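Trainee: If you want the building blocks of each chain, they are given just below.
There are 2 protein chains.
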Amino acid sequence: MKVRFINARLLTMKNGAHISEGELWVENERISYVGEKKKTTIKFDRIIDCQGNVLMPGFKNAHTHSAMTFLRSYADDLPLKEWLYDKVFPVEARVTVDDIYHLSKLAFAEYVASGITADFDMYYHPEATAKASVDFGFRTVCLGTVTKFKESVPEMVKSFKEINGKNGLVTYRLGFHAEFTTTEEILIALSQAADELKTPIFTHISETAAEVQGCIERHGTTPVMYFEKLGLFNHGGGGFHCVWLTDEEMTIFKKRGLWAVTCPASNAKLSSGVAPIQKMADMGINLAIGTDGAASNNSLDFFKEMFLVTALQKIITKDPKAANPYMILEMATVGGAHAMGLNNADILEAGKLADLIMIDLNKPNMQPINNIIKNLVYSGNISNVALTMINGKILYENGQYFIGEPIENIYQKANEITQRIKTTK
Amino acid sequence: MKVRFINARLLTMKNGAHISEGELWVENERISYVGEKKKTTIKFDRIIDCQGNVLMPGFKNAHTHSAMTFLRSYADDLPLKEWLYDKVFPVEARVTVDDIYHLSKLAFAEYVASGITADFDMYYHPEATAKASVDFGFRTVCLGTVTKFKESVPEMVKSFKEINGKNGLVTYRLGFHAEFTTTEEILIALSQAADELKTPIFTHISETAAEVQGCIERHGTTPVMYFEKLGLFNHGGGGFHCVWLTDEEMTIFKKRGLWAVTCPASNAKLSSGVAPIQKMADMGINLAIGTDGAASNNSLDFFKEMFLVTALQKIITKDPKAANPYMILEMATVGGAHAMGLNNADILEAGKLADLIMIDLNKPNMQPINNIIKNLVYSGNISNVALTMINGKILYENGQYFIGEPIENIYQKANEITQRIKTTK
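Protein sequences, first through last, are from chains V and C. Per numbering that gives the first Met the number 0, residue 0 is the first one in the first sequence, and the count goes up by one each step. Per numbering that gives the first Met the number 0, residue 0 is the first one in the second sequence, and the count goes up by one each step.
Simulated from the structure, these hints should not be mistaken for laboratory data.
It does not matter which identical chain is used: a pair holds within one copy or between any two.
Here are the simulated BS3-like cross-link-like pairs (lysine-lysine), alpha carbons at most 27 Å apart as the crow flies:
id, residue 1, residue 2
1, K317, K278
2, K80, K320
3, K1, K130
4, K197, K228
Bear in mind the structure is a predicted one, so any value in this text is a computation, not a measurement.
Turn these sequences into a full structure, and let the hints guide you.
Mentor: Dropping the structure here:
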């Protein structure tokens with residue numbers, strides 16, 4: 000499939016956020032040209048006139064649990080530990096592999112409507128998420144999530160070898176749920192596996208103050224220092240949330256090039272706190288953004304997350320210049336891609352994967368056009384996503400899905416599964 | 000025009016937020032029936048099958064400056080005083096009455112797409128906003144905004160008498176910009192006018208800590224105590240923002256039944272702070288929500304505001320139960336209506352004005368259906384607004400506007416005006 004986008008405003012994200020005019024060509028799964036208007040003899044299957052709308056890299060959702068859509072608005076208004084142990088874990092025990100397949104698709108539908116073209120998906124049974132991803136056409140980086148209750152390091156190593164390289168849409172990385180849900184034995188085994196595979200490790204880190212306090216009680220130190228001692232970050236990686244990192248821990252993040260992935264809506268909703276994003280940016284720490292799962296957020300809307308990152312930094316720093324829109328867009332696209340190992344889907348450039356979105360400026364929230372970069376972060380919303388292309392295929396255009404099945408099937412299946420899970424004793 | 004909505008989930012907001020099934024009839028500008036499925040011999044002009052989607056009162060935007068759309072993404076990342084004096088006031092001086100007419104329409108287009116059916120519109124030349132409102136079909140409560148630079152109390156009294164009662168879509172109330180932009184003479188004259196007209200007064204109150212400090216230096220007391228001394232609230236009224244109210248001031252709010260209108264996005268973006276909404280709710284203070292103007296927010300999206308109100312309260316109180324979704328919906332609909340004097344457009348009930356919206360549940364962010372009230376506040380977004388009806392007329396349906404002119408005209412006009420204002424010396 001060859002697609003030519005003409006009359007576009009290009010926001011390639013190469014060397015920062017700035018707009019130029021031109022066109023973009025897609026041949027099969029890759030971008031073949033980005034630049035000024037150009038003559039060509041190539042026969043395109045489709046020519047899309049962008050009419051001055053913006054083409055940009057899709058957003059990268061660098062932390063989520065896609066299959067948890069069934070818990071949207073099921074258990075709210077609780078602190079993290081009660082929410083997780085009393086509400087989430089008991090019903091999660093009833094989720095089947097087949098459920099994960101269907102529930103993940105519901106999240107993917109929400110992602111593409113929000114301009115998200117790839118996710119870093121931490122959940123059990125990655126084979127189910129991987130299959131959902133391939134069938135839907137969505138790009139997923141599956142993340143192992145060993146705990147002392149579920150999965151094991153050998154199972155993760157098996158998944159690593161089986162999933163990577165099998166399909167261009169799906170990759171797999173090593174991870175663990177959190178310090179408080181694992182044992183030192185598990186973490187040592189994981190560290191050894193990462194050494195053998197020469198691969199980074201990701202996990203939930205310092206989401207709540209109580210988690211940090213618990214780690215100090217159990218191990219005499221804070222989570223990052225504990226993980227560092229175990230050699231977990233010898234090949235890089237990063238942490239999700241990072242609300243309560245100490246200065247010493249941030250120095251480790253900087254030294255090792257670790258990624259801090261912020262999830263502001265989830266952290267707010269669970270009263271976990273606000274991550275010090277501007278401070279980390281000033282230290283040169285790698286940053287990305289995630290929605291977290293629908294169980295805690297409850298939406299999977301990247302415009303909401305982008306606005307929250309900047310709004311919350313402006314509040315906690317008392318500085319309206321904090322977390323400016325250029326930095327936010329960098330985190331949301333290039334940052335996320337690099338955190339997830341998707342270096343071939345980070346910017347719009349010839350040779351890169353065609354994971355891109357078209358932003359419709361012909362909506363009242365984008366008018367008048369004073370500054371498109373600021374509009375995207377400060378006033379953008381999902382009504383501005385006119386088109387979402389992943390791996391060269393258009394999955395979403397003008398509110399319609401092109402995913403090989405009617406979207407209503409996905410809703411129906413999710414409701415059936417949710418009912419069964421909620422009513423089973 | 001007679002419209003019958005069948006197969007609806009009804010969220011009437013009568014006695015709180017809860018869902019029932021049934022139908023709703025509109026005859027001319029009013030609701031004529033809400034309740035269970037019912038036989039009738041009335042000949043309707045249109046029957047709309049809601050297919051299980053939600054009918055609810057439209058959101059009431061209880062603080063905004065609609066015409067300021069031209070300043071969206073024009074001056075950002077500044078603290079309030081610099082933003083206002085260095086960026087906003089100089090360009091505002093070039094805005095004409097005709098500009099206000101066109102720029103307000105752009106805001107109305109954004110409101111109806113976001114499910115907002117009425118706004119409390121603080122701006123100069125209310126006659127221009129009133130005309131825009133009538134021509135568009137939008138419901139506006141114009142608010143006088145006297146300062147020591149612009150407008151006067153006699154002009155406001157004239158507007159009060161001229162605008163009120165002239166058209167069912169528009170009313171007018173007395174207000175002033177803020178303590179720091181007025182003089183005691185103006186406020187005394189305003190207090191006397193309110194006594195004569197027996198009408199409430201609204202103003203910006205304690206948006207920033209610096210504003211409160213300045214008031215103490217100028218008048219030896221905090222803003223609300225100063226206004227109270229001048230008798231400004233003898234007939235009720237309220238304040239916009241209310242970020243830095245003292246306990247003593249909150250007691251005045253409670254005693255006089257004043258409305259605290261919170262604008263969380265604007266307050267965050269300008270680093271002004273977070274209003275203590277849960278604390279005020281616990282004291283029984285009347286609460287409503289506003290977007291503020293596009294110059295500071297920068298969007299006019301009620302879903303964003305609703306989520307921010309709850310998210311920010313959960314952060315500052317460290318209590319995930321704070322500002323629960325039932326309370327947020329109450330503030331967003333009934334609260335706003337009562338703050339604005341629109342007691343006839345607060346809930347869905349026979350005899351009330353037909354200002355209502357249909358919420359589309361067939362979007363991924365609303366699935367599965369565990370709790371619709373929570374979904375509306377925690378995961379709702381503007382893609383869920385399927386229909387917006389004001390005064391019995393459908394102005395917005397499935398992304399299309401029915402406002403007597405092409406929406407593109409409004410965009411074009413706003414861009415022309417903005418260019419002229421920005422480039423005039």
